[in-house]
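Build the complex from these two chains, which are given one at a time in their own frames, with help from the hints.
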Amino acid sequence: MPSLLFCGPKMAACGIVISLWGVIMLAMLGIFFTSKSAVLIEDVPFTEDDIRNDKNPPQNVYALYNQVGINCFIAAAIYVAVGAVSLCQVRLNKRQEYMVT
Amino acid sequence: MDSLLRGEELCLAQLFLQSGSAYDCISELGELGLVEFRDLNPSVNAFQRKHVNEIKNCEEMERILGYLLREIKKADISLPERDVNPVAPLPKHVMAIMEQLQRLEVELGEVTRNKEKLQKNLLELREYTHMLRITHSFVQRTSEVSVSGQKVAGFFTSTAKIEAFERMLWRVCKGYTILSYAEVDEYLEDPETVGFSRITVLDFYHCHLYPYPTNNDERNDVVEGLKTRIQDLHTVLHRTEDYLRQVLMKASESVYTWVIQVKKIKAIYYILNLCSLDVTNKCLIAEVWCPVNDIANLRRRKSGATVPSFVNRIPTSDTPPSLIRTNKFTSGFQGIVDAYGVGNYREVNPAPFTIITFPFLFAVMFGDLGHGLIMALFAFWMVLYENNRKLKNTRNEIWNTFFEGRYIILMMGLFSIYTGLIYNDCFSKSLNIFGSGWSVKAMFTAEMWNGNRFLTLDPNVTGVFKGPYPLGIDPIWNLATNRLTFLNSYKMKMSVIIGIIHMSFGVILSTYNHLHFRKKHNLYLVFLPELLFLLCLFGYLVFMIFYKWLVFSAKDSREAPSILIHFINMFLMQGDGVPPLYPGQTGLQIFLVVIAVLSVPVLLLGKPIYLNWLHNGSQRLGMYRVRVLKWVTSKCVHRCGKTTPNICSPTFDFADEFLHQAIHTIEYCLGCVSNTASYLRLWALSLAHAQLSDVLWAMVMRVGLRMDTRLGVLFLVPVFSLFAVLTVSILLVMEGLSAFLHALRLHWVEFQNKFYSGTGVKFSPFSFSLLPSSFEHDGLL
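First to last, the protein sequences are chains R and C. First residue of the first sequence: 29, per the working numbering; consecutive thereafter. First residue of the second sequence: 70, per the working numbering; consecutive thereafter.
Treat the hints loosely; a few may be bogus.
[Unchecked claim] Partial pick of chain R residues on the chain C-facing surface, computed with a CB cut under 7 Å:
1) I46
2) W49
3) G50
4) V67
5) V96
6) A103
7) I106
8) E125
No lab work stands behind these hints, which were simulated from the structure alone. Predicted, not measured: the structure shown is a model, and the values here were computed from it. Here a beta-carbon is modelled for each residue, glycine too, at the ideal position from N, C-alpha and C.
One chain only, chain C, in its complex shape (with noise of 0.2 Å):
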């Protein structure tokens, strides 16, 4: 079962579908999710299928359940928390939802309307009362002067046009009018807030006229009057709104159950619409991607139902979609290599390398064992609680991307606690827990310290240096002021060590693909050159440093050798001016850099010139030629699975083979030097962090350990928590993504560009569970 490293086998299959049951069968295939469907009328327009009244009744009553949602979220109504999973109902039961459909929003729209409308009645009697009430106060005040035959009209209007509607009303009435106003003290909701323009100057200023009664008892009956019709109102207006609450709770009980119905019904007609029917016009035929693996299983459910659909495998030489199966601690790690491309049909994946190299290069990278403890137990929290359907159905975009990639960063900060220990870091400190190799006292009784400055430990006097330290850096470095010193170089060495063989193993991985898609002629002219160039030169240098490593040690420290000065003498062909390090070396080394460049040659100019004598060969080696030629293609087995006698590339163009063999020749020549130096990333990032850590504890832990005075045990907890809020912040957070980012660079482009292609499509299967939902993107749901 290969299919993490290379992906399933998929075929092309046939469906023959009797028209009547054509859409369960639809329907259980979309339960399943086992294949993809193709489009076999490419060539018609949305407008032109066969099923686009009953899509287009689908997206009517996703309209109205969009509305209904709407005023369920208004109204503040909790929808029911059910997994629920209803199965697509029958053609014959969609009209019965559409009708309930149809009808809940009618029902709804009236109540709606006919609740707007006592609310505006309820506000204008609250008004005319308002208006009695306040223009009894200045009649009062003005009873003695005759009012006579005047009108007087009380209206309401917003305070800010008072001024300019008294200017308005002078002019029109000819200077006759008394106008008073008052200030409302209560609060009157205007059902609309949206006026209209009409012609009349009281309407322009959004008033409401009211009759004024002319005498004292006419006004006191027309107050009762309006006091119990604003009670009726009131009830009435309670007793519609319970209704509407009512119509509502009803409809959020079953509002999720059509939502998805209605997703399902839709998708089967899509679906539908993408089948063709055939000549006797009673089958519908649906031409689908299948696993190879499920066609069994697709057989099995065909033929169980009541009446019996036909599958056939059908050959083609088309490129099927690339499937890779994964669970749910892989998804993620194939998640970051899709990201860069989508493997071809039945390439190597990279992504079960991925499991380890990434996490990897990452605590690499990040190498601190406090940091990747907190990491660690932080992705151990969200792997515990993966099933809480919190967590899980937040719609925080960043939450989302951290919760789906838990257990990568589970294993970057297991593998950071891994490394944190092999370079001795633990919140910046080292842990001393084996006691160190070095002994100061025994520089001391040597007495080879008077007027030495630096205190230096010398491991050449007998007793200093007892021997290394069993697991990781020595913790007597973290004391000593030339630490940088000495892990830059022993940094520096390491990520060129991991670099080259990450690649090594790239180069090795195209094998794979060269032996599966029977290219052999790739493996003498492509890769065995490619692998010698890599590892004459880098693999080379390798050598050196681990020779150097192994073979000078503290007592020759004066004498050893430059690495870097030994190399360049390599390419310079001069040896003379720095001793050998060993006998005979400048004769390997000159038998290397020959082979090296000799293979640039082997790798430019002998993939194309060997398809171009296979196809276009001339008349004298013919026989040899085709006989090698039938050989070749009788083992060419297409992608499909089909075999064929026929030349497998019957055009073969010289000029663009040898263009693309150019270019990748120059690219892979170039890229080895520069990915080579590209590995120094993870020196710079491991010191980077060590520094920021270091720099973090001198600045803020220590200000609060020094303190000395009563109070300074009180200065020491405000001190840790801003340490670690900068922590999580500043090394965990930021450092981390970075981190991540640069190990993903690395694995991208300098890992990947070695053997993979990442043009493939991917396989989307025919599911209802993968299908969105538009609600849940307007967050209705």
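Next up, chain R with everything else stripped away, as it sits in the complex (with noise of 0.2 Å):
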């Protein structure tokens, strides 16, 4: 069974950092677009058409901002993973300096 380890402690070290910040910044994106927040009403992909053909408004918007909300949700779920094939990566690379020690 070829060797799991794929990199080395430092790029592994800096997989587990970035997961980390990435869960908690999606996390918290994904629970200020659900709860509507104004201050990002630009990165809610929506057009001229939502606004003004609405037949409730402003339900349109509200459901992209939903919708953005989820991405960042799962996107955060993602990270999870990714940081935990690094914590495994430092697990190993750790148990291969101690065994060459």
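Right, here's the structure in full:
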């Protein structure tokens, strides 16, 4: 079985840091999007059409907000997986270092 | 204990050391690291000093140790990681260590030479075997032709030179040669890679010449013999390598101890060279700078030894070096102050104030909650792991710089979190914690929006502005198009206010120096005009800024005056064009300008004239002058603590003093204006940081968030890591370094030139732990 180790100790540590940051920040962004924060209006992909031809304002824009929020949560979940992989890499690196010395 | 504010008091002391125990005393002083030795033989060069032979011995030992360390490193043996700190051995043991090292060197040299000889032998035998094997095939082919009387020689050379060699040989033997060659597959390790030229053709081409056996039986015998010899050589070579490794391993156990011991011995002899012998030749005299608080400690140590030595404090008119005791937290801030210049003896030290003002000015320029949080977490990780040996002892210069400043970075990060809350900026987005004070609905119900393209929120309409945001800038400004106009005005005025406060603080600190060095005339003739000049002009500007902020509101925003126009009119003495801010404004402004203008000649001429009168006054005021002079000099305490009835400065040069004061006046007055403008960099950098952060979000993160296709969510993952990497590299590292540099410049130039001279010498005590090791520098340890 080929070795599962594919990155060095520094790359794995970077992976853990970025995944941790990603999980926290994307989760918070997801919460802010689902609570329809006004500051994030520019990041919601609405068009002129959504605003003008809305039967039940502002539900279209709210639906888009929710969608972006769910996107953020899914990305946060992916980062949890990336973080777990990085953690495994860190452990494997430590074990290899222990075996060599 | 005002050590951090001002520096410790130092005194010059004489140590009388008995010749027999001088070595031990200095060894103990080295372990303590209390005092700095002065050179009592400055006119003697290095080769004429007393202990030059011992130092030569030490350098010889260091050479051998260097050789040992290189061999150990070559053999890939790891040195044991131990925190040993052996004491310096006695002089009689020094020779023992020297002998041990010399023996080791000789042994290692012999073994290495033997090993090389054996390897060379092995190489030759192997070549011979190959040559026999290959030429066997040649001779098979030409066996039909008689080869009687012809010498067949076999040789090895490098393939590149084959053709040149063939041509040369053909010419030499006049055409009677048959040359065949074949590639040798096996790679032969040649212990000697450097060849030396000899005269014969074969040797010129680096060939080895072997005799060729004439018939098959002899050939087979030779091959068998060669095989056994090669086997024997292999065994001997293995044994030699094992023995070499053993010797090196044994040496590696104690090499670290030896390195430290030799370093200490050399240091002690170096210090002994600095001392001088007294007349009876039985006592060694050493002059040391010692902190006054540690004199008692020093006496106690000296008298505890079996043969007591004396410590005697002597008065001196030399300026002692400056000593400021720091702990791991304050040492970083003291370091950045010392980088500008070490303070004069007992001068006010800007470092304790820098602990707060430096991170604060950095944070004003950096001002982002998210970035500050990341910076603080990074510094916190460094602080938590500060005792981790791997982090402490890396050789990477850049990492060491960051690690040494971990407390500075921690403070900078924490203060940035605070200013991020005030600017309401977190990764370029505002946080709505308390609920905005502006209401859009009220503007809509007042129906004032018809025909207004910009959907302006007018605070004069009832219900639109419900009151100021409790902490920081209102989050609604993040959505406004005139956000920068509002923030620029706010940040510029804030920078000027912070600048004037910082500079006034610097001027006020100079009173500490004037009072400590007993130069009370400086208080009235230098400090007072400086402060009046600064406050009458720029303090009034600050007052006008606050007045406008407090008195004018949204209702009379159309009639709000321009501070700049009023300030300019103040200097031009024109007040008619614009309505006054408050009754009596013109009168007050004229008064302030007159005071400021009058303080300039006082600053320029006051001190030289006063000092001139003090030293060379006329006879009529003689008695009064002498009395004042006596009173002044009786209070005049020299920096070393000596009070003399004589005049403090016997020579007084009026022209010199006047020139010095003129330069100081011009520098100060022009500096006031330019330094105030210089503080506007606080605004400029915070604007740059906010805009960079905004652009990064808009161009990177928004692209990922606006994806509304199915796969858009997978696109967000790499976009976020790109955003993270760019945030760290551009906004944290580049902007962080930039803000650090500008905050440092504001401290070094605008703050410190109001009171700090920084032309002192640092106290460097004789301490073994502070001595560098040349091996660490070469990367051997």
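Quick rundown of the hints versus the structure:
| no. | hint | verdict |
| --- | --- | --- |
| 1 | I46 | holds (5 Å) |
| 2 | W49 | holds (6 Å) |
| 3 | G50 | holds (5 Å) |
| 4 | V67 | holds (5 Å) |
| 5 | V96 | holds (6 Å) |
| 6 | A103 | holds (4 Å) |
| 7 | I106 | holds (5 Å) |
| 8 | E125 | violated (11 Å) |
Going through the hint list in order, the structure does not satisfy hint 8, though it satisfies all others.
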